[in-house]
Amino acid sequence: MRRVLHLVRKELLELRQDPRLFGIVILAPILQLTVLGYAATTDVKDVPMLVVDADRSTESRALLARFQASDNFKIVGTADSTEQIDQWLDRGQAWMALSIPPDYGRRVRAGRPVSLQIIADGTDANSTNVAMGYARALVAGYAQDLLPPQMSTPPVSLELRLWFNPQLESRDFMIPGIFALLLLIVTTTLSAMAIVREKEVGTLEQLNVTPLARWQLIVGKLVPYGFIGIVDVVLVLFVALYWFEVPMRGSILLLFGITLVYLLSTLGLGLFISSISNTQQQAMLTSTFGFLMPMTYLSGFVFPIENMPAWIQPVTYLIPVRYFLVIVRGIFLKGVGLETLWPQVAALLAWGLTVLALAALRSSKRLG
Amino acid sequence: MRTMIAVATKELHQISRDRRTLGILLLFPAFILLIYGYALNFDIKDVRLAIQDRDRSTSSRELVSAFVNSGYFELVGYLDADADLDQLVNTNQARAILVVPARFERDVQTRTPSIVQVIIDADNANTASTVMGYAQAIVAEYSTTVALRASAVSAAAAPVTLEPRIWYNPQLRSTLFLVPGLIAFISMITAVVSTALSVVREKERGTMEQIRMSPIGPLAFVLGKTLPYLTISFISALIILFTARLLFDLPMRGSWPLLCASILLFLVGAQAQGLLISTVATSQQVAFQLAILSSFLPTFILSGFIFPISSMPMAVQAVSHVVPARYFLVALRAIVLKGVGLPAFWEQLVYLGIFSTIALGLAALRLKREWA
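As you go down the protein sequences, you meet chains S and V in turn.
One point on numbering: in our numbering, the residue at position 342 of the first sequence is 342, and numbering is uninterrupted.
One point on numbering: in our numbering, the residue at position 31 of the second sequence is 31, and numbering is uninterrupted.
Don't read these hints as lab results, they were simulated from the structure.
Every residue gets a Cβ at the ideal spot worked out from N, C-alpha and C, and that includes glycine.
Please note: incorrect hints may appear among the correct ones.
Sample of chain S residues at the chain V side, in silico, Cβ under 10 Å [unchecked claim]:
{"hint": "1", "residue": "Ala39"}
{"hint": "2", "residue": "Gln117"}
{"hint": "3", "residue": "Asp121"}
{"hint": "4", "residue": "Asp124"}
{"hint": "5", "residue": "Ala137"}
{"hint": "6", "residue": "Leu181"}
{"hint": "7", "residue": "Val186"}
{"hint": "8", "residue": "Ala194"}
{"hint": "9", "residue": "Phe227"}
{"hint": "10", "residue": "Phe244"}
{"hint": "11", "residue": "Pro304"}
{"hint": "12", "residue": "Met308"}
{"hint": "13", "residue": "Val345"}
For lysine to aspartate or glutamate, the following DMTMM-like pairs were computed, each having C-alpha atoms within a straight-line distance of at most 25 Å [claimed, not checked]:
{"hint": "14", "chain 1": "V", "residue 1": "Lys203", "chain 2": "S", "residue 2": "Glu14"}
{"hint": "15", "chain 1": "S", "residue 1": "Lys74", "chain 2": "S", "residue 2": "Asp46"}
{"hint": "16", "chain 1": "S", "residue 1": "Lys199", "chain 2": "V", "residue 2": "Asp18"}
Among the chain V residues that face chain S by a calculated CB cut under 10 Å, a handful are [unchecked claim]:
{"hint": "17", "residue": "Arg20"}
{"hint": "18", "residue": "Asp123"}
{"hint": "19", "residue": "Gln136"}
{"hint": "20", "residue": "Ser194"}
{"hint": "21", "residue": "Ala281"}
This is chain S alone, in the form it adopts within the complex (with noise of 0.2 Å):
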């Protein structure tokens, strides 16, 4: 144990040797919640929007006023002919056009039935998909108050209840999956250069002829690098609680300690990445393409883990962010306990007991 001990004072004097790392370790993470937490919102506001108004009747001027109204809708421009529309959407100066047919007007006062036409640039898919559904039913609004009075209240209506998050907001679920990913990418990255540096700069050597165990060594290395991560975990839901007021519906306390949990497969990710390199910049490449890119894109951070192909899921049960995901979302939101989250808190710990065996097995041969 004072080995132990020994390494970790070692390690902390290092750390602060560098003020410059813990500065970035420290500040990195709270700056970057704070402005992805403003951008990561899947919400969609402010679509500009073209309108070709052939007609510039009062009932067309009707029609835009609602759409000028709506706070998804922002009307960027008017043009004269549908011929122009080609330009500012080719030019991305607008993402939708909307055209109003001359008798438009003549139309919708004699009660025949008339057409409008959207044209939306679909090359940003998702939000193009989202905002016609709110021009559909904006338009249907509309076109039910024209109707006469005895024919406007539908037989069968719908209520809807959206739980957990009625107001839709995107934010209260992207917060706990950016707080998940910082956290991977923070102590993963610090980690991951652990050991491999002192191979490179050759202190290695002098470790080996220490009578320093390989377990011992992997504990002195993971308990400077924890410290700094617990300070991270406790700074960023800091903000993610009182400057975003996520809501807290669970406990805050299981859910810093499923956190520790998750630190130990993190950090022992990032040394075990650290003992299979050669070179620091080995190490860095390993980490980034071979794990934190796929953990990111797989674990269901934003691409729902439901809509990949049925041989792809099977992969995603590796990797301990999606378990991490499922716990912070279902503490935060749904404020559901240990008696639901008990096999996501199982699957993380016996990963993050594996890495760190697997870390001490690779080091040793290192080290032998």
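Given the structure of chain S, go ahead and fit chain V onto it with the hints provided.
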């Protein structure tokens, strides 16, 4: 010039001896695209739906089958009237529940307005709003059928309808919008990561002293350090592009030379960012942290790759201007999907140029101080 080639040759030798580095830089990007291209999509289907039918009549079964046959939902089961809905949603067994009220059929037949309930697990707001749209459409359609059946008036068409037309990506395939984003993301990371260690590694190993003693100037040193990686990153970007065209039917509607020029300009910008990090960092560990923190999540979230920039708050939109992928992504989508020429997006390339110049200038300043 000769000294630069000497540095580049040395760097190339080092890379080629390190098989893993070269392999990762050249082949992994395409491999990752391969997996993601299949794995990621936003099209939501097979939403797990549970049904609580409190009426059990012909009408209620009609409505239920409208939901089940829509193709959006996967039926996970029928619930009793006293089923624990909370538990079902909490454990993720169902993401949506349709509740048909008792007396549904009687209400429909007597033309009393009736309300059906759909409960949606909204923790993922994006999925939830899409599911909401599906549910609304199905119920509205069913409602119209009922109204038409009852009134026998055939001309109950809605007075105003919307006729949508989607350009550039008519089927709204999410692959077509994700693949260019992935190309930008992967190229960005490859370029930043490959240069971030270049200078600081020599510093940490102590070989920087030797280089400074030699007749190599800072400019030759930097070019010699980055050109090999620029070449590797460029080849890697081309491999990704061909993979995307081959496997995911990514169209190519614009000009190849223009595309290659844009990629090169973007890679130079990304490498300049990596180089700047390398000159600022005190150790490789710091450089790695800075490289990943400045490129990974920002490119993912702030570039307009997935989250539309126009929906972000103004302050965050301003911050997104320091993310070079933002400009490249507009240019890439414009060339590949829209097939437009330089007049449509030249500003983006100018911004990229400005970004590269500033980053390179700062890196050069740092390095000059080091040399003096």
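Hint check:
no., hint, result
1, Ala39, "5 Å, holds"
2, Gln117, "5 Å, holds"
3, Asp121, "6 Å, holds"
4, Asp124, "5 Å, holds"
5, Ala137, "8 Å, holds"
6, Leu181, "7 Å, holds"
7, Val186, "7 Å, holds"
8, Ala194, "8 Å, holds"
9, Phe227, "16 Å, violated"
10, Phe244, "12 Å, violated"
11, Pro304, "6 Å, holds"
12, Met308, "5 Å, holds"
13, Val345, "15 Å, violated"
14, V:Lys203 / S:Glu14, "17 Å, holds"
15, S:Lys74 / S:Asp46, "5 Å, holds"
16, S:Lys199 / V:Asp18, "16 Å, holds"
17, Arg20, "5 Å, holds"
18, Asp123, "5 Å, holds"
19, Gln136, "6 Å, holds"
20, Ser194, "8 Å, holds"
21, Ala281, "8 Å, holds"
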